[in-house]
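Under the numbering used here, think of the first position of the sequence shown as 390, with each following residue one higher.
Accuracy of the hints is not assured; some may be wrong.
What the hints assert, rightly or not - What follows is a set of in silico ranges between Cβ atoms, one per label pair, in the way DEER data are often shown: (1) R660 with N480: 49 to 57 Å; (2) N557 with F635: 32 to 40 Å; (3) F635 with N425: 48 to 56 Å; (4) I421 with G671: 34 to 42 Å; (5) K657 with N425: 33 to 41 Å; (6) N425 with P589: 20 to 28 Å; (7) T432 with I481: 48 to 56 Å; (8) T510 with P442: 33 to 41 Å; (9) K487 with L662: 33 to 41 Å; (10) A611 with Y576: 27 to 35 Å.
No lab work stands behind these hints: they were computed from the structure.
Idealized CB from N, CA, C, for every residue including glycine.
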Amino acid sequence: MDINEFEIISKYFTKINTDKSILVGIGDDAAIVNSNGSLAITTDTLIESIHFPKNTPAEIFGSRSLAVNLSDLASMGALPKWCTMSLSMPNISEEWIKGFSKGFFKLANQYNLSLIGGDITRGNLSATLQLIGTLNRKPFLRSGGIVSDDIYITGSVGDAAAGLSLINKKNILSDEISQFLINRFYYPSPRIDECQKISPFINSAIDISDGLLSDLGHLCEASKCGAIIKIESLPLSKQIITTFPFNEAIDFALSGGDDYEICFSASKSNRKLLDILSKKSGIAITRIGQLVTGDQISIFHEDLPYNYKNHGYRHF
Numbered sequence: 390m391d392i393n394e395f396e397i398i399s400k401y402f403t404k405i406n407t408d409k410s411i412l413v414g415i416g417d418d419a420a421i422v423n424s425n426g427s428l429a430i431t432t433d434t435l436i437e438s439i440h441f442p443k444n445t446p447a448e449i450f451g452s453r454s455l456a457v458n459l460s461d462l463a464s465m466g467a468l469p470k471w472c473t474m475s476l477s478m479p480n481i482s483e484e485w486i487k488g489f490s491k492g493f494f495k496l497a498n499q500y501n502l503s504l505i506g507g508d509i510t511r512g513n514l515s516a517t518l519q520l521i522g523t524l525n526r527k528p529f530l531r532s533g534g535i536v537s538d539d540i541y542i543t544g545s546v547g548d549a550a551a552g553l554s555l556i557n558k559k560n561i562l563s564d565e566i567s568q569f570l571i572n573r574f575y576y577p578s579p580r581i582d583e584c585q586k587i588s589p590f591i592n593s594a595i596d597i598s599d600g601l602l603s604d605l606g607h608l609c610e611a612s613k614c615g616a617i618i619k620i621e622s623l624p625l626s627k628q629i630i631t632t633f634p635f636n637e638a639i640d641f642a643l644s645g646g647d648d649y650e651i652c653f654s655a656s657k658s659n660r661k662l663l664d665i666l667s668k669k670s671g672i673a674i675t676r677i678g679q680l681v682t683g684d685q686i687s688i689f690h691e692d693l694p695y696n697y698k699n700h701g702y703r704h705f
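Given only the sequences and the hints, what does the whole structure look like? Please build it.
Structural data, given as structure tokens:
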């Protein structure tokens, strides 16, 4: 590569600072920001061939790396504010850097997120992002669930895993249905705005990264309760239903992961208000079950127990 680290940072990652809360940004040994109130801080690493397929286009990698971190802030009820990034890469062309930067900043600009520092080094392709968000209200915690709460999820589940399966099978078709599923993997939709609008009703929340069952399990463990899920209530897109057999679509929905939708619980007394809010604002939320006493997640399909053993992605 003919361009060095400092030239890369200057050319592709340094933007004009219009955020007055940033006292010192990119260019010093550390950034300095001015904050009033509580902050939510999250970190995620994405590694080639583990979190995204080899030869994923640079622009998609840049966008996706940010999106998965934004989802963590959404699930806490935080608004994105600042970001640091550590980018590791082998001999990559300047064209690749340009694409990564374009994908990253296109999404960052949607949320007025400022990149305030980071690091670039040589190594296997990976990106580690730390996002810092502000909290205008009490944060949503995994531990806030209450027995008898309704369980909801935003959007639809299973699409991203279905899309990844098409990518891995090299079955990338040009039809709109296949492209929808593939894009659901490549371009997660952080539910920042949705969570802000429904925030008064949320008792507990978690984003769906490792699979609905796995992540709901974390919420139940933290809230010291169990859950009942109804298969027929799962929000499945028409694209996944028309592309895959029922059992495979359910497998993607329950355990596929990479959806980055928000699973949250809310009091039954707010059921009607949430329905009204959903219809008026156009926010897609679906009630899929209930928190119950115990420590197990029970799955039913049309009132009959549904035997299912795959509980999602494991990091180790």
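Confirm or reject the claim that N425 and P589 have a C-beta distance inside 20 to 28 Å. Because 22 Å falls inside the window, the suggested range holds.
Does 32 to 40 Å hold as the CB distance between N557 and F635, or does it fail? violated, 21 Å
Whether the CB-CB distance between K657 and N425 falls inside 33 to 41 Å: At 36 Å between Cβs, range holds.
Please test the hint of 34 to 42 Å on the beta carbon pair from I421 and G671. Since I421 and G671 have Cβ atoms about 40 Å apart, the given range 34 to 42 Å holds.
Take a look at whether the Cβ-Cβ distance between T432 and I481 falls inside 48 to 56 Å. violated, 23 Å
Range hint 27 to 35 Å (beta carbons of A611 and Y576) holds or violated: Taking Cβ atoms as reference, A611 and Y576 lie about 29 Å apart, which means the hint holds.
Whether the CB-CB distance between T510 and P442 falls inside 33 to 41 Å: Violated: the Cβ-Cβ distance is about 23 Å, outside 33 to 41 Å.
Between K487 and L662, does the C-beta distance stay in 33 to 41 Å? Violated, since K487 and L662 (Cβ atoms, about 47 Å apart) do not stay within the stated range.
Just to be sure I understand the hint, the distance between the Cβ atoms of F635 and N425 should be within 48 to 56 Å; is that true here? Taking Cβ atoms as reference, F635 and N425 lie about 51 Å apart, which means the hint holds.
Is the distance from the Cβ of R660 to the Cβ of N480 consistent with 49 to 57 Å? At 56 Å between Cβs, range holds.
In summary, the numbered hints that this structure violates are 2, 7, 8 and 9.
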